[in-house]
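Q: The chain contents come next:
There are 2 protein chains.
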Amino acid sequence: MATQHVYFFGGKKDTEGSADMKELLGGKGANLAEMSKIGVPVPPGFTISTEVCRQFYENKKQYPKGLKEQVEVAVERLEKKMGKKLGDPKDPLLVSVRSGAAVSMPGMMDTVLNLGLNDEAVAGLTAGSGNARFAWDAYRRFINMFGNVVKGIGHEHFEEAMGKIKKKKGVEEDVDLDADDLKEVVTQYKAVFKKHAKMDFPQKPIEQLWAAIDAVFGSWNNPRANSYRKMNNMKGLIGTAVNVQSMVFGNLGDDSGTGVCFSRDPSTGENIFYGEYLMNAQGEDVVAGIRTPKPLKTLSKQNPKVYKQLVEVKERLEAQYGDMQDMEFTIERGTLYILQTRNGKRTGVAAVKIVVDLVAEGKINKEDAVRRVTPELLDQVFHPMIDPRAKKGVKALARGLNASPGAACGQIVFTAEDAEAWKADGKKVILVRRETSPDDIGGMYASEGILTSTGGMTSHAAVVGRGMGLPCVVGCKDARISGKTVMIGNKKFKEGDFITLDGTTGDVFTGELNLVQPKVKGELNTFLSWCDEIRLAGKRANVSQKGMLVRANADKPSDAKRAREFGAEGIGLCRTEHMFFEERLPMFQEMIVAEDEETRRKALKKLLPYQKRDFKGLFKAMSGFPVTIRLLDPPLHEFVPHTAKDIKRLSEQTGVPTKALKQKIESLQELNPMLGHRGCRLAITYPEIYEMQVEAIITAACEAQKAGVKVFPEIMIPLVGSVGELKPLRAMVERVAAEIIAAKKVKLKYTIGTMIEVPRAALIADKIAEDADFFSFGTNDLTQMGMGFSRDDVGSFIPQYVEEGIYENDPFQVLDQEGIGQLVEMGTIKGRTTKPELKVGICGEHGGEPASVDFCYRTGLNYVSCSPFRVPIARLAAAHSVLKNR
Amino acid sequence: MATQHVYFFGGKKDTEGSADMKELLGGKGANLAEMSKIGVPVPPGFTISTEVCRQFYENKKQYPKGLKEQVEVAVERLEKKMGKKLGDPKDPLLVSVRSGAAVSMPGMMDTVLNLGLNDEAVAGLTAGSGNARFAWDAYRRFINMFGNVVKGIGHEHFEEAMGKIKKKKGVEEDVDLDADDLKEVVTQYKAVFKKHAKMDFPQKPIEQLWAAIDAVFGSWNNPRANSYRKMNNMKGLIGTAVNVQSMVFGNLGDDSGTGVCFSRDPSTGENIFYGEYLMNAQGEDVVAGIRTPKPLKTLSKQNPKVYKQLVEVKERLEAQYGDMQDMEFTIERGTLYILQTRNGKRTGVAAVKIVVDLVAEGKINKEDAVRRVTPELLDQVFHPMIDPRAKKGVKALARGLNASPGAACGQIVFTAEDAEAWKADGKKVILVRRETSPDDIGGMYASEGILTSTGGMTSHAAVVGRGMGLPCVVGCKDARISGKTVMIGNKKFKEGDFITLDGTTGDVFTGELNLVQPKVKGELNTFLSWCDEIRLAGKRANVSQKGMLVRANADKPSDAKRAREFGAEGIGLCRTEHMFFEERLPMFQEMIVAEDEETRRKALKKLLPYQKRDFKGLFKAMSGFPVTIRLLDPPLHEFVPHTAKDIKRLSEQTGVPTKALKQKIESLQELNPMLGHRGCRLAITYPEIYEMQVEAIITAACEAQKAGVKVFPEIMIPLVGSVGELKPLRAMVERVAAEIIAAKKVKLKYTIGTMIEVPRAALIADKIAEDADFFSFGTNDLTQMGMGFSRDDVGSFIPQYVEEGIYENDPFQVLDQEGIGQLVEMGTIKGRTTKPELKVGICGEHGGEPASVDFCYRTGLNYVSCSPFRVPIARLAAAHSVLKNR
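These protein sequence lines are chains A and B, in that order. Taken in order, the first sequence gives residues 2 to 887; the numbers are from the numbering used here. Taken in order, the second sequence gives residues 2 to 887; the numbers are from the numbering used here.
Note: identical chains are not told apart, hence a pair may lie in one copy or across any two.
Think about it this way: if two alpha-carbon atoms lie no more than 16 angstroms apart in a straight line, the pair counts; the simulated EDC-like pairs of lysine to aspartate or glutamate are:
1. K69 <-> E208
2. K478 <-> E667
3. K665 <-> D479
4. K768 <-> E819
5. K295 <-> E285
6. K728 <-> E805
Bear in mind the hints are in silico, worked out from the structure with no lab data behind them.
Bound-form chain A, shown alone (with noise of 0.2 angstroms):
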């Protein structure tokens, strides 16, 4: 038997495809079909499968073997099944063509409606529909798109031909054109086709057609198709489909009509019919906005036979696509018709109350539910957006890396004091800066959003703005900052004027935009407890532990306390650098400044009560759970004064002569510092350093356990690169922990463990592990290193990179799986090579990408840790994992 290549629908029998033919049908045909056979009034028609597209190609543009009779038969069997004719004079039968693949796909050839009419057969409609107007007007549509579609003719060639019949009539809209005009029109447009095609307009609707078809699977190979294929990373499409239909018409008349309708609000998720929809129109009117469209609640009075229709086909489209519904449908005549239907697009919130609707009216099971919200869309719910009214004809004046998701607005300042002197007058202000550092951290605090004209997704301002839940634009090539004033594309900004930003986009917009905060309801935690459940069910094969747990990346109690809030399960970094600042950071300075072992360490025993008092705090919060203390990582000079008057006050407090001070600050510079002296080497140098820290926490540890928390700290040593700098390092952090924990008089558990950054530390993980209880890997490091790139420098490259398809994505966003999840996975499988339980998890800022978070599951890692506000979004992603690796 010959290989099926058309599928006919229409009507419970007649019908041969369904919902589940998608690769095959495209997205479009196989809804036609499904629709047709569950009894939906689809107008009738038939599919040519994506397999045809496929061989077309493979074939040096060859149809297979046939495909023309399966053609053939297939509009034979519609002309019987409509009763009318290809091209009939009397009563024409005319169809659209539509592409349709099985991702719905800009960018590829579209529609051509009305094909089938002719010179002859113009004369058929104008019989049967009783309005020559409406025939004629109906032709030259007909002739627009056909030869726009087919022959890549311009619309300007046939608006010229348009406008001079306007101008000779007079008249300002095609609307005010009558029969006879548009008859003119016809005869215009032919001209212009011929012109252009250098053919005249094919009388012959079977020939008609054939071009239509010809167009469509010739659309799937342009340049426009492919670079959206490329732009969306849409893989593994083999081609479109073709999907021929009769025509029905929602502009014959007041008993004709035309609209779209959702089977919930796709703002809210209510459960509530909700759609618009015009009579007398066709389905473009309803979008291009000419009229305005009625709410679809006035059908039940205009037209409660149909209304009571359409709401059960809505009933019945979801039951059986058990998800909410975006229809298109067409009233002819009175008579009913859906031409479209698909899943509906919907907000963050309405995404989690629909599926949390439909677990409880029966239509899906949890997992369902779970694998229907995806990450994007559940982000949303935890950050204020811009009203989408607000937003609308709105231009962005440039755009920036969206670092950090949710929308703010305020006034500029242009330093961190600002920031907070204006604050403390009550002022709402963003933070504009060529990037952020350490020193600005009160700044950020005091801001509403932060924007940045360098840096990429993981820089200072990204980075610190994610942990805050504060929006932030990075990299913003186009702000450019020239003291205390900012261009921002075309237009300048000084001090005190207002800008809003999209931290979820990356624009930037001018003025005070309206913000609205997504209102979260019960669902959410209904939602978020069903991931939990399908998450911590999880079997590996590569690793003991069931499900992969998250946590949260946190630096003080307060944020401790928010990331267990959102469902943390531990902190799996706290970076204690954070620590070394606003009060604190003169003695740390006093310390870097230190000629001697005793002078540091007398600077030291000063910090000694506040990172006591942080780490008790923290293990409060997380009570139960384990807390990941990384001990100093950045280089000192990230810690001393810049500006001559700051030196002059730490020449002041330690006594050190301003010339000896600029000397030492001068010294610690480096022209590298991100492979510069830091982390664990600051150790190797100045063990001192570690030990204050060790005793601040084993100390905190101890007191707080005595005070009824449940603790258990995890001493994180970063940057290590060889057994040589962890081994005597680990047996520093044993020894001070022994003499506090036996002057305590206390049990205290607790494991020391390392970050695997360093390239060389994955390559040597069996080693490694010898001296480990616990891998963390710090994938911005290991992204920076073992690709090369400084995330503070890449804003000069990667958006090309990304663009071009160098890269597929920004790999301080998501982890270059290809790359550096390479020496993950070693580090994990050498690690567990000395140590088979030894606990791996992952704390750079790719800990709260789905992406990551899967490569992350398959790979075995106990835990993600990511920033507070991308928890939820992390237990999300991982129970997707769960679900999809099962």
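We have chain A; now place chain B onto it with these hints.
A: Same frame as chain A, now just chain B:
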């Protein structure tokens, strides 16, 4: 049968050991046995094996069973042989006790002489020698040595006692004390012993003997010995042996004497018998320098019989060991004894001459000859050295890193401009800077040597210095520059002051020390041709190519010519960026600050003829060999001006306003330039740069080929981390090359490859290899990124790392085989999975380092490439690899 722990030596028949038992008997013991066996007059004795030492430490400092008995038997046998008995009041046997591991090792307990003396035996020694002063002097020396070595009593305590007696007697020197005085000294020494050892000085010789043996074995694990082994990377030694040997005396009168001699001249290698001796003296007198020893030829007149005997011994030993011998001898009352022989230390020149002569004399074969000469010795041959006589007694002011070997002296200048100006005035200068940059190249060429206060072994100064063969000391922390003065150690220097650098050791001296240029004769070429013979015959399992080739890193035709003279088999790395300085810099700067592609192309067009000329010169100098040219690698900000004056000049040249220039220059700055916008990343952004370079290379190759040069251009794309980078750049190279080749109407073969220097590239080398004809490991960057070390900044901690053994070596000097080596191996294996015949080389600074060369050989690399001056070293090292690994 019980294990033999004790090995007797003394005469041909009674000797139980031999030279090939070094592991078991230690170097000294094995040589004593060997000499005894072949009839060389050696005072008889016995050796306790290193195996005893091992068991001693394994069994909680208990000796193995049977040792006591075996030592007793050996003592009896020795007494019988000598016809004397230990402690005999009439004619006592005296012995020495010495340690001796398989490798000579200062820092361990060394020697106890005159053991066996006690209050009674001293009378016997008096009688036997007929010299009471000699006997009492021997006794007091014994007590001092025994007290010091066995009981750890400081020499100062004995000296104090001696001082009191000298004062009492009113004499200045020890030699002015008579027998009775020395008797008093013995009494006082015994008191000192008792006070500190809390026991009487042992009178039983056998007790003395066991105490000395205990002390030798006990000293094996003392901290000094341990740290010596660690510092010198001495692994796999199981312990020390103990040599007990009958004493002979050179101070028994004018028919006695002692001396040291070399079987050939250790400075020149000439085959002349060379040495010094003193009559009526002990070994230490020759060394101490109180009396001036006589040249050996005097002995031929003073005692022709002994001299003749000594010559015979020398001949015999040299024949036996097949190498130049360093011997110690004693004449006791007219009888010659040889106390020690070992392979003599020698200069590089001597080392080469000696082995070539030995082969000619039929004493060794070529392989032995090649094996004998270490790379360090060979290196000496190519560099001026500080005259050893000039260095005597002169202390270095400071020591930095020995970045580029050879010595240099000259007047200090502080800027590259000054260096050029002073040189033009006919002065010799040393350029002293914090660090050098590409701007300084001209000044570096004008200097005799370079001293920098920062930077590591692969800093700019070091790399360029080695490339030029320019002596270079870098990272000298104790050189503190301030304006136009520098403190070196504790001494202040200003411009024009003289200093001398030793780039071979890293030492810096004040003033002008005399330099000597090693004289290389024809032997060197003979020797290197043997190296090549062996090298090019090396078969490896993992690569089809026989032997490993040696190429040079050279950027200019003159360097290439020199490299070829040194035996380079091609250029492995031509750094094109070095071609953008001097008169070409303004054009390159014009390109950098251009605001659009057209202006950039215009500026590049000006550079094209220069580049073409350079490449043509390289092809010509390397006719018949491949020339690998790396396209532009460093970030653009390395080329832009920084001073107001230079910026103004560039502004005038380009017409770009200074303000805009400053902004452009600022925008090029990067926080971590090593990980920034450089290498192929530049070419993704500005393809026109590489296009110009490819045009220059291919045009030059076509033209050179037409002129009869055999060209093999290899175009190398740097810093590739992904297929997405390499693929379009390869296509660009092919396109540009094809156009030129077509236009020139020639046939030209060329290849396109890539550096593997980003860790990710090694990880995905199988994919990279699809678009690469060859790989060249850039181990400098691979080390920087893989270990997370910036070569410009490691100076602040790497010295401590090496000192504490965290890393055995500076990883920029010696390839880190454990970590980075994995990436090299992985890259090679994965690359050849895709292309089994993939050509793989290395062009990092490690290409000339012997241990790294050996690693490359084992890993299956096709070639190493190093600076021209290292080429002979690499040829030797690669030959050693063949011998070692077959």
